[in-house]
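Quick mapping for you: the protein sequence lines, in order, are chains A and B.
Under this note's numbering, think of the first position of the first sequence as 1, with each following residue one higher.
Under this note's numbering, think of the first position of the second sequence as 183, with each following residue one higher.
FYI, nobody ran anything at the bench for these hints, they're computed from the structure.
30 Å max Cα-Cα, derived DSSO-like pairs, lysine-lysine: (1) Lys128(A) to Lys466(B); (2) Lys165(A) to Lys466(B); (3) Lys466(B) to Lys166(A); (4) Lys232(B) to Lys800(B).
Coverage of chain B stretches by chain A, computed from C-beta distances (three or more under 8 Å per stretch; other residues unrestricted): (5) 250-263; (6) 466-480.
Backbone N, C-alpha and C define an ideal beta-carbon position, used for all residues, glycine too.
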Amino acid sequence: MRKKLTVIPERCSGCRVCELVCAISHAGVNNPKKANIRVISLYPHPVIKMPIVCEQCKKPKCREACPTDAIVVTDGVVTILEDRCVSCHACVGACPIGAIFVHEDVETPFKCDMCQGKPKCVSACPKKAILYVPEHTLGQAHRLSSALQYANMQEVEYYEHGVKKKLRYAEIETGGTRGDSQ
Amino acid sequence: MSIKGGYFMKVLHVDLSECKTHVEEVDEEFALKYIGGRGWGARLVWENMKEDTDPLSPENIIVIAPGPLSGLYLPSAGKTSFCSISPITGIYGDSNIGGMFGVELRQAGFDAVVIKGKAPELSYLWIDDDDIQLKSAGKYSDMGSIETEHLLREDIGDETVKVASIGPAGEKLVRMACITADWGRNAGRTGMGAVLGSKNLKAIAIRGTKDLPVADLPRLTRASDKAYRKLSQHNLFEFWQRQGLMSVIDYANTAGIIPTHNFKDTHFEEADMINGDVMELEYKIGDTACFSCPMACGNVNLVKDGKYAGTVIEGPEYETAAMFGSNVGISDFSAILRANYLCDEYGIDTITAGSLISVMIEAYEKDLVTLGELDGMALNWGDDESIMEMIRKIAFREGVGDTLAEGAYGVIKRWPQLAPLVNHVKGLDQSAYDARVAMTMALGYATSDIGAHHARAWPIAKELEMGANWDLNDKADLVIYHQTVRPLFDMLGVCRLPWIELGFDENTYAEFFSATVGIEFTLEELLKLSNDVYNLTRAINIRLGLVRDDDRPPERVFNDPIKTGPHAGKVLSRDEFKEILDIYYQRRGWDQDGIPTDETLKTSALEEAIEYMKPKRKAV
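Make a model of the complete structure from these sequences and hints.
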């Protein structure tokens with residue numbers, strides 16, 4: 001089953017452990033700036049922390065932009081072939097999410113290779129903000145929230161062993177179809 | 183013995199008066215003797231100091247020192263120390279900062295920066311790897327810290343640039359001014375922001391790209407993989423990510439140690455309105471962590487409605503919430519967030535500001551100051567609007583704020599009648615833990631090398647757990663142990679919270695350090711070096727005129743019994759304090775005037791300090 005890296009920015013604390021483990025395993029050095037993933041932190045308007053990492057696009061813009069055909073897709077992983085790359089950085093500018101990186105010590109631009117199916121950033125993230133999930137689950141969060149929006153959520157209070165509790169349930173009948181103005 | 187990693191062996195020296203910089207190679211003996219961070223800072227301050235140096239003069243230096251572990255793959259390695267002679271206490275001062283700033287400095291290839299002199303105009307230092315420039319900061323004048331950071335990064339045009347800056351308070355030499363980096367991480371204590379201000383240095387911006395040297399990276403990685411796994415398995419791990427230090431409010435209130443109404447009391451009736459649960463449920467919009475830290479104790483909060491709507495702030499943590507909550511009688515969490523925001527933006531220490539404002543409220547309550555002396559503004563417990571105005575007045579040195587800006591000593595100098603109300607040691611206001619319930623905490627505050635701060639020793643929890651009736655010798659030993667192990671974290675450039683809060687084994691740091699430098703060290707050896715630095719900062723302070731009488735806790739600890747809560751009626755005995763101080767000095771190898779003996783200085787390889795101590799000793 002084909003899997004994909006996906007990030008949940010709401011969970012990210014910006015600690016950059018993902019950058020560290022990535023750089024150590026790929027570049028062999030303790031240098032977060034040589035990682036194939038980068039955490040962007042915006043503050044204060046809005047407050048966002050977000051790991052940027054290659055989406056492994058099926059029709060990659062970086063490949064389109066490459067003048068030397070140095071970018072190929074193999075087993076779902078977008079790869080830059082070092083021997084063909086002339087390091088013109090066209091791919092860096094072409095990537096719609098900025099997930100191809102450059103460092104002055106490194107000749108070829110670098111990007112996520114998904115660690116042969118065992119992404120280190122996923123297991124290392126202390127906030128579980130980076131997930132490695134089957135492709136067909138992408139968008140699941142939105143599907144779930146759509147379902148919840150459809151239902152008219154109600155709360156009922158009750159007592160159990162003298163302790164007040166709340167139960168949430170969906171009042172389907174008073175809900176409405178999507179787009180129904182009622 | 184040869185260092186194979188951990189250091190670039192380079193210190194950047196900046197002379198602002200001459201607009202000159204040069205890089206000095208560090209020798210191995212220095213590097214390993216003082217480790218880094220506060221250790222290096224203290225040593226460099228010692229070498230530069232003169233007995234009569236005004237902390238706010240160009241002659242004073244400020245050292246910015248991460249540690250050999252800062253920036254490495256291990257838990258919570260984002261710490262950097264700022265060390266100098268403090269303008270608020272007049273003795274050695276240091277304060278450290280989390281975030282990413284020090285990591286960037288290390289990536290630029292420097293283990294530390296030493297800044298002296300005074301720039302001819304308001305400037306910022308731009309460290310772009312090896313390219314160092316001093317640039318005009320005129321356009322950032324009087325600008326808040328967070329705004330300065332934001333704009334400076336935008337002007338440089340690189341979102342990865344790290345910035346440490348001072349707010350208007352630092353520029354105006356407010357003695358409690360802090361240094362802020364990464365949007366609200368503060369080197370809050372001992373007035374390091376005023377030292378930068380006195381040098382006309384508004385900010386330091388850094389971009390570093392270098393690999394950090396590690397002797398045995400696979401070994402460090404193995405130890406760290408294990409360390410991260412261990413921390414994540416702790417049963418409080420997720421709770422820490424959710425509430426961070428805000429969870430301490432409930433603990434401190436239940437334990438009866440939360441400062442309430444200027445430390446008059448230690449129990450706050452409305453604590454459940456300002457605790458971690460309130461923050462989490464009503465205000466928190468994001469988590470934030472320092473570099474490489476899995477605990478993510480930082481909380482970003484937003485006030486969504488009411489008069490402070492729109493306030494976004496990283497914080498508060500416990501100290502700020504207590505000092506601007508219970509200690510000034512505020513039970514509206516949104517007002518605490520506002521106070522936190524104003525202090526960060528203006529660039530002042532929340533502990534000192536909260537403490538001195540509460541002093542003025544109590545003074546007004548007791549008719550010890552007139553309305554006129556408060557610029558006609560009545561100050562009452564919980565009056566959040568007047569409290570916000572006081573913060574502004576301190577930061578801009580307006581009216582009564584000009585006196586508060588001088589710190590505890592300034593307040594006492596103008597109003598000697600307030601001396602019993604000011605809870606300070608050596609001019610530094612006490613942190614948010616009451617010492618009346620624990621002799622060890624009183625001793626910790628009294629003998630801390632920078633004044634009444636909990637960073638050096640926090641034995642209060644242990645004493646509450648043990649009960650008060652244990653041997654004074656053991657109590658003194660506990661304080662010394664704390665004062666040895668806790669500063670070690672500041673020397674290594676890491677945070678102590680994994681150890682304190684999640685029971686992380688301190689021996690692991692010896693493994694991290696050994697793997698990094700390529701020389702085997704045990705924890706005991708590192709602790710010995712930390713203890714040597716404590717003797718060094720003591721020697722600095724003795725040279726600056728510190729005497730035994732300065733080693734005493736705030737007066738209230740002895741003469742004002744706690745009003746309510748589990749410890750109602752409690753005060754500490756002055757005689758018992760004298761007794762434990764005698765024991766403490768003796769166990770530290772200091773004479774009965776608190777001066778390290780010649781033998782102690784020799785054991786700490788500080789022979790050169792002996793001649794400086796001589797004139798300070800009383801004729802026998």
